[in-house]
Amino acid sequence: MNELSTYLIVAAILFSMGLLGLLQRRNLIGMLISIELMLNGASLNFMAFNRFLAPEPAVGQIVTLFIMGLAAAEAAIGLSIILALFRRMHSINVERAQQLRG
Amino acid sequence: MMKWVLFVPELFYVSMALVFFLFSLRKKVEQKLLYNTAVILGAVGLVVTVAFARQHGMLFFDAYRVDLFSQVFKVFLALGTFWVIFACSELRGVNPRQHSEFFMLISICTLGMMMLVSSAELLTIYISIELSSYALYLLVPMRRISGDLYVETGIKYFMIGVTASAFMIFGISFIFGVTKSTYVADIARVLPTVISEPAAIIGLILALCGFFFKQALFPFHSWAPDVYQGAANQVTTYIATASKMAAAAMVIRFVGFSGGESSLLVQLLITLSIVSMTFGNLVAIIQKDLKRLLAYSSIAHAGYMLIGILCLSERGFSSAVYYAMAYLVMNFAVFLVIIMVAEDGRNLQIKELAGLHKRSPILALTLMLGLFGLAGIPPTVGFTGKFLVFAAALEKGYLLLVIIGMINATISLYYYLIVIKAAYLLEPVNPYPPVRVDGRARAMSMVLIVAMVYLGLFPDRFVALTEAAARSLP
Numbered sequence: 002m003n004e005l006s007t008y009l010i011v012a013a014i015l016f017s018m019g020l021l022g023l024l025q026r027r028n029l030i031g032m033l034i035s036i037e038l039m040l041n042g043a044s045l046n047f048m049a050f051n052r053f054l055a056p057e058p059a060v061g062q063i064v065t066l067f068i069m070g071l072a073a074a075e076a077a078i079g080l081s082i083i084l085a086l087f088r089r090m091h092s093i094n095v096e097r098a099q100q101l102r103g
Numbered sequence: 112m113m114k115w116v117l118f119v120p121e122l123f124y125v126s127m128a129l130v131f132f133l134f135s136l137r138k139k140v141e142q143k144l145l146y147n148t149a150v151i152l153g154a155v156g157l158v159v160t161v162a163f164a165r166q167h168g169m170l171f172f173d174a175y176r177v178d179l180f181s182q183v184f185k186v187f188l189a190l191g192t193f194w195v196i197f198a199c200s201e202l203r204g205v206n207p208r209q210h211s212e213f214f215m216l217i218s219i220c221t222l223g224m225m226m227l228v229s230s231a232e233l234l235t236i237y238i239s240i241e242l243s244s245y246a247l248y249l250l251v252p253m254r255r256i257s258g259d260l261y262v263e264t265g266i267k268y269f270m271i272g273v274t275a276s277a278f279m280i281f282g283i284s285f286i287f288g289v290t291k292s293t294y295v296a297d298i299a300r301v302l303p304t305v306i307s308e309p310a311a312i313i314g315l316i317l318a319l320c321g322f323f324f325k326q327a328l329f330p331f332h333s334w335a336p337d338v339y340q341g342a343a344n345q346v347t348t349y350i351a352t353a354s355k356m357a358a359a360a361m362v363i364r365f366v367g368f369s370g371g372e373s374s375l376l377v378q379l380l381i382t383l384s385i386v387s388m389t390f391g392n393l394v395a396i397i398q399k400d401l402k403r404l405l406a407y408s409s410i411a412h413a414g415y416m417l418i419g420i421l422c423l424s425e426r427g428f429s430s431a432v433y434y435a436m437a438y439l440v441m442n443f444a445v446f447l448v449i450i451m452v453a454e455d456g457r458n459l460q461i462k463e464l465a466g467l468h469k470r471s472p473i474l475a476l477t478l479m480l481g482l483f484g485l486a487g488i489p490p491t492v493g494f495t496g497k498f499l500v501f502a503a504a505l506e507k508g509y510l511l512l513v514i515i516g517m518i519n520a521t522i523s524l525y526y527y528l529i530v531i532k533a534a535y536l537l538e539p540v541n542p543y544p545p546v547r548v549d550g551r552a553r554a555m556s557m558v559l560i561v562a563m564v565y566l567g568l569f570p571d572r573f574v575a576l577t578e579a580a581a582r583s584l585p
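From first to last, the protein sequence lines are chains C and E.
Numbering-wise (the working numbering), the first sequence opens with residue 2 and increments by one.
Numbering-wise (the working numbering), the second sequence opens with residue 112 and increments by one.
Chain C on its own, in the form it takes in the complex (with noise of 0.2 Å):
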C-alpha cells in the first residue's frame, strides 16, 4: 500500500466516524464534535493529495487553513444558536426539539 492510500483511508475513517456521530449523538455539542471530525477529514484530504501529487505545493495547505479558520465560525455560530435554545428549553438534546412534524 503506498502512502497516500494511507491518508486517504485514514480521511474516510474521519469522515465517517464524524457522520456516525452525527446520526447517533443526541446531544447537541456532540453533534457539532462530530461536524468537525467531518472537516478535519477533508484537511487531512487535501494536505495528502497537496504532499504527494499537486503541482503547486502550497494550494492544499492554504485551503487547509481556510477550512479550519471556517469551521471556527461555524462552531461560534452553532454554539449561539444551541445557547437560545438552551435558554428556552433548559436542555441541548435534540429530542426535546421536535414540534415541527409532517
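Just so you know, these hints were derived from the structure itself, not from any lab.
The reader is advised that the hints may include incorrect statements.
[Unchecked claim] Cut-off 25 Å, straight-line C-alpha distance, at most; resulting in silico cross-link-like pairs (SDA-like, lysine to any residue): (1) K291/E / N41/C; (2) K291/E / I10/C; (3) K114/E / V159/E; (4) K139/E / A85/C; (5) K399/E / I381/E; (6) K507/E / K291/E; (7) K291/E / M69/C; (8) K138/E / I82/C; (9) K399/E / H468/E; (10) K291/E / G70/C.
[Said to hold, decoys possible] Partial chain C-side listing against chain E, Cβ under 8 Å, derived: (11) P56; (12) A74; (13) L80; (14) I82.
By construction, the Cβ of each residue, glycine as well, lies at the ideal position given by its N, Cα and C atoms.
Chain C is already provided as a structure; the job is to place chain E on it using the hints.
This is chain E only, laid out in the frame that chain C set:
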C-alpha cells in the same frame, strides 16, 4: 479600464452591510428611517448591478470570473433582494430590536451569493457558499412568535446545512486530488478525461450535495418544510427566491464539469430529478399550511430545474437559467400575498385565504397568476419555463423523463387549484377583516402580474439573454 470596476456590485453590498451594522450599534433606531434606507439602498444596489451587467474579466489571480452568466444571476439576486426588502415594511415577525441586524444579514447573504456565482476557484466557491449560509443560519431563528418553534427550526437548518457543506468540502478535496488544480477552468478541461475514475465521480457527486442542499433537492430536502414554516415570512421568501437562484447557478457550473462523459452521473441526476418531483408533489397534496405546501412544491421545482441541467447541452443550461428566473418571479408573487395577508407575521393556513377575492381583488389575482405559473399554465411565465426545459430534454431523447415530468405537472395542478379555490370560491365561515394593501404593495403586485404575463407571452429576448449567458460558461 481599472480592474476594480468589475467588483463594484459586490463592493456596494459590502458597504450596504456596513451601513446596517452602524445602525445596529445605535441604541434606538426609528423603524421608518431604517426601512426607507433599506429600500433606497436595495434599489441603488439593483441599479448598480444592472449597470455593470455587461462587464467581463478576471479578478484576484483568476479566482473570480465576471462574465455574462454570473452577471445575469447577479441581477436576479439583486432583484430578489430588493423585492424582499421592499416587502419588509412592517416586519412584524422579527423582534424590532433586531431589524437592523436583519437587513445587515440580508445584505451579507446577497454578497455571499453574488461572490458564489462569480467564483472560478474551488476555495472561493467554498468560502462564498459558507458566507451566504452563515447569514441564513442566523436569519432563520430570528423570528418572534409564541412557542419554541423558531429556535428548533434554526438548529435543524444549521445541522443539516453544515453536514451538507462538510460533504461538499470532502468531495471538493477529491476533485482537487484527481485534477491537481483548484481552478474551475482547469478542472473543466481535465475532469472529463478522468471521469471514469471512481474518485472523480465520487468527488463530483459529494461536491454537488452541498448545492443540492441549498436547492432542496430530494435527499437533502428535509429542512425545507420545517424552515419554510418556522422562519419569518420575509426570510422564507428570501430563501425560496434568491438562495435557490444561487444554488441553481452553481449546480449548472458543477454539472458542466463532467462534460457529458459520465453516463453514471446523468443516470443519477435523472433518478434524483424524478424522485424529487414525485415526492414533492405527492406530499404537497396533504399540506394545510400554505408555506409548507410551497416548501414541498419547491422540492418538486428543483426536480424540474434539474431536467434542464442534466441535458448537459447549451440549450439545457439556458432553459434551466430561464426556469430559475421564472421561478423567482412566480414564487415571489405567491409569497408577497402571504406577507400581505398575514399582517402580524403569523403562518398562513390555506383556509384563511377564504374570500380573498373580495377582501383584496388584486392580491387574489397575483396569487392566482403566481400559482398558475408554478403549475405551468399558459400564458404565464411558468409555462414557457417548463416548455423550454422539456424541449431541451426531448432534444436529448429523454422521452420517459419528460412524460414523468408532465404527469407531475398535472398532479401539482391539483394542490395549486385547492389554494385558488380557497381564495376565489370558498366563503369564510366567520368573516376575516379586509386586508390592508397600501400603495406600495399594490404597485408591487401590478409589476409582478405584468412581469408574469409579459415574460410568458414574449419570452424571446429573455431566452436570447439566457442562451448568451449559457454560452459564456467556461
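Hints versus structure:
1. K291/E / N41/C: Holds, because 20 Å separates the two Cα atoms, which is no more than 25 Å.
2. K291/E / I10/C: Status holds; Cα separation ~19 Å.
3. K114/E / V159/E: holds, 16 Å
4. K139/E / A85/C: holds, 23 Å
5. K399/E / I381/E: Roughly 30 Å between the alpha carbons, so the hint for K399/E and I381/E is violated.
6. K507/E / K291/E: Measuring from Cα to Cα gives roughly 32 Å; hence the hint is violated.
7. K291/E / M69/C: Holds. K291/E to M69/C sits at ~21 Å (cutoff 25 Å).
8. K138/E / I82/C: The given pair, whose Cα atoms are some 23 Å apart, holds under the 25 Å limit.
9. K399/E / H468/E: Holds - the C-alpha atoms of H468/E and K399/E are around 20 Å apart, at most 25 Å.
10. K291/E / G70/C: Cα-Cα ~23 Å, so holds.
11. P56: With a closest approach of 6 Å, the P56/C hint holds.
12. A74: Hint on A74/C: holds, closest Cβ of chain E at ~6 Å, below 8 Å.
13. L80: It is violated, given that the least Cβ distance between L80/C and chain E is near 10 Å, above 8 Å.
14. I82: holds, 5 Å
In summary, the structure is inconsistent with hints 5, 6 and 13 from the numbered list given earlier, while agreeing with the others.
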